[in-house]
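K.L.:
Sequence:
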Amino acid sequence: MKNRNLTIKTLMYISVFIAVILISVWVIQIQFLQVFYERNVIENIDTVADNIRKNTENLDALLQEYAFANNMCIEYYHDTVEIDFNLKMNSCILRDYSYEIAKYKAELINNNKDYMILYAPKTNVKSILYAINLNNGNYVFLNTTLEDLNSATALLKKQLIYLILILIVASSIVAIFISRRLNKPILKIISTAREMGKGNFNIKFDKSNVQELDELCDVLTVAASEMNKTEELKRDLLANVSHDLKTPLTMIRAYAEKVRDITYKDSEKREKDLNVIIEETERLNNLVNDLLDLSKIQAGECDLNITEYDIVKNIKEILKRYDIVVEKEGYSFEFDMPSSLKVKADKSKIEQVIYNLINNAIEHTGDDLKVKVTVKKQLDSVLISITDSGVGLTEEEKSLVWNRYYKKEKRHKRNIVGSGIGLSIVKGILESHKCEYGIDSKKGEYTTFYFKLKK
Numbered sequence: 000m001k002n003r004n005l006t007i008k009t010l011m012y013i014s015v016f017i018a019v020i021l022i023s024v025w026v027i028q029i030q031f032l033q034v035f036y037e038r039n040v041i042e043n044i045d046t047v048a049d050n051i052r053k054n055t056e057n058l059d060a061l062l063q064e065y066a067f068a069n070n071m072c073i074e075y076y077h078d079t080v081e082i083d084f085n086l087k088m089n090s091c092i093l094r095d096y097s098y099e100i101a102k103y104k105a106e107l108i109n110n111n112k113d114y115m116i117l118y119a120p121k122t123n124v125k126s127i128l129y130a131i132n133l134n135n136g137n138y139v140f141l142n143t144t145l146e147d148l149n150s151a152t153a154l155l156k157k158q159l160i161y162l163i164l165i166l167i168v169a170s171s172i173v174a175i176f177i178s179r180r181l182n183k184p185i186l187k188i189i190s191t192a193r194e195m196g197k198g199n200f201n202i203k204f205d206k207s208n209v210q211e212l213d214e215l216c217d218v219l220t221v222a223a224s225e226m227n228k229t230e231e232l233k234r235d236l237l238a239n240v241s242h243d244l245k246t247p248l249t250m251i252r253a254y255a256e257k258v259r260d261i262t263y264k265d266s267e268k269r270e271k272d273l274n275v276i277i278e279e280t281e282r283l284n285n286l287v288n289d290l291l292d293l294s295k296i297q298a299g300e301c302d303l304n305i306t307e308y309d310i311v312k313n314i315k316e317i318l319k320r321y322d323i324v325v326e327k328e329g330y331s332f333e334f335d336m337p338s339s340l341k342v343k344a345d346k347s348k349i350e351q352v353i354y355n356l357i358n359n360a361i362e363h364t365g366d367d368l369k370v371k372v373t374v375k376k377q378l379d380s381v382l383i384s385i386t387d388s389g390v391g392l393t394e395e396e397k398s399l400v401w402n403r404y405y406k407k408e409k410r411h412k413r414n415i416v417g418s419g420i421g422l423s424i425v426k427g428i429l430e431s432h433k434c435e436y437g438i439d440s441k442k443g444e445y446t447t448f449y450f451k452l453k454k
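When we follow numbering that gives the first Met the number 0, the leftmost residue of the sequence shown carries the number 0, and every step to the right adds one.
It should be emphasised that the hints constitute simulated quantities derived from the structure, not laboratory data. Treat the hints loosely; a few may be bogus.
To be verified - Okay, the calculated beta carbon distance ranges per label pair:
hint, residue 1, residue 2, range
1, Lys315, Lys197, 49 to 57 Å
2, Ala68, Ile177, 45 to 53 Å
3, Asn208, Asn304, 29 to 37 Å
4, Thr249, Lys197, 34 to 42 Å
5, Lys206, Lys454, 32 to 40 Å
6, Glu42, Met88, 51 to 59 Å
7, Asn227, Glu278, 20 to 28 Å
8, Asp78, Glu42, 30 to 38 Å
9, Arg38, Ala153, 18 to 26 Å
10, Leu378, Lys197, 51 to 59 Å
11, Asn227, Arg269, 47 to 55 Å
12, Lys454, Asn304, 16 to 24 Å
13, Glu278, Glu211, 53 to 61 Å
Values in this document were obtained by computation on a predicted structure and should not be read as measured data. Glycine residues also receive a C-beta, built at the ideal position from the N, C-alpha and C atoms.
All chains should be built: construct the whole structure from the sequences, respecting the hints.
P.N.:
Okay, here's the thing in structure tokens:
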């Protein structure tokens with residue numbers, strides 16, 4: 000379908016709406032006017048007949064009143080006496096005492112019919128002849144003319160033609176006015192959105208006092224703000240990843256050159272330098288693995304292999320990896336967990352979660368260098384929490400730390416293997432397990448990351 004601008008579309012919609020209304024008016028007023036008119040006259044004469052049947056006392060005065068009030072002529076046959084009311088009307092067929100009219104009267108009486116529509120024998124005017132049986136051989140005949148509405152219909156046709164022309168002009172004016180009123184703020188939104196498309200996310204969409212457009216402006220303003228934050232965080236991620244890549248690469252090159260030029264003859268020093276190269280290679284490998292894990296999680300390819308295993312035993316095995324941190328850096332781990340507790344989860348992925356959370360706690364703990372690991376049995380789940388004694392998090396930071404681009408300012412500790420994107424991996428794994436997880440923190444005192452696994 001061909002695209003059209005707002006003015007043309009508005010004009011089309013209004014024109015279609017007006018056309019439907021005019022066609023409806025044309026059909027009702029022109030095609031069915033005579034039908035509606037006849038039905039209305041019949042309903043009126045029915046009402047008069049019902050009132051006559053209900054009020055037979057002092058009928059003469061009542062019939063005279065009805066005859067002049069409703070522009071009809073009436074004949075009343077009472078005990079072989081004929082009483083006429085308003086028979087001087089030019090269109091009255093009751094004053095025609097011809098055989099044909101008498102036949103119509105007899106037909107109504109004999110067939111027990113209320114009324115018939117006929118044409119006056121002499122004038123050929125369409126009329127209604129109505130018969131009321133009052134019992135005891137008493138009858139009342141009512142007659143009223145059905146006017147020919149052709150002249151009125153012709154007049155209405157002319158009026159509708161003028162009305163159509165007026166409405167076409169009016170609809171065009173209204174369409175142009177409405178489209179311009181709506182077009183101006185829409186074009187402004189489009190212009191601002193183009194700026195956002197060019198990478199300028201530090202913008203705000205101005206409101207126009209149109210509720211739907213204002214809601215769109217609010218959504219786009221929030222989207223621009225979030226994209227601006229995302230862009231900043233992406234730059235931070237690139238800077239952090241570049242730093243984490245550059246440092247081990249520099250170390251690898253330096254120690255490789257050292258082995259090649261200096262220590263290649265000294266087996267003890269050579270082995271020591273080669274161990275540094277291996278450690279830095281492992282650091283690079285972990286960073287690449289983290290990035291691959293993150294990309295898989297984002298692509299929804301985090302397949303789970305759920306098994307039942309002892310979470311306490313698994314955590315103790317993980318903590319053995321940090322013996323070097325305890326020995327060389329002076330860190331200490333505090334445990335609060337039972338001797339054994341089984342859970343159902345993907346062991347390797349939950350191990351990755353715990354590993355990343357411990358790394359994060361070591362990275363941000365306070366001067367006492369303490370990290371607390373807690374495992375508690377609950378009603379139908381197991382609560383695992385890891386607490387540091389660092390500076391804590393603000394409410395805004397609590398929501399940002401899970402972001403895949405967010406990395407808080409921190410001290411880089413060379414003995415801790417981590418890429419700075421671990422928490423986004425943690426979030427993806429826990430959400431794939433449909434785990435409840437969160438952060439409890441008090442500014443200046445502690446931060447606790449926790450999650451729950453099914454027993």
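K.L.:
Run the structure past the numbered hints and jot down the numbers of the failing ones, going up.
P.N.:
3, 5, 6, 7
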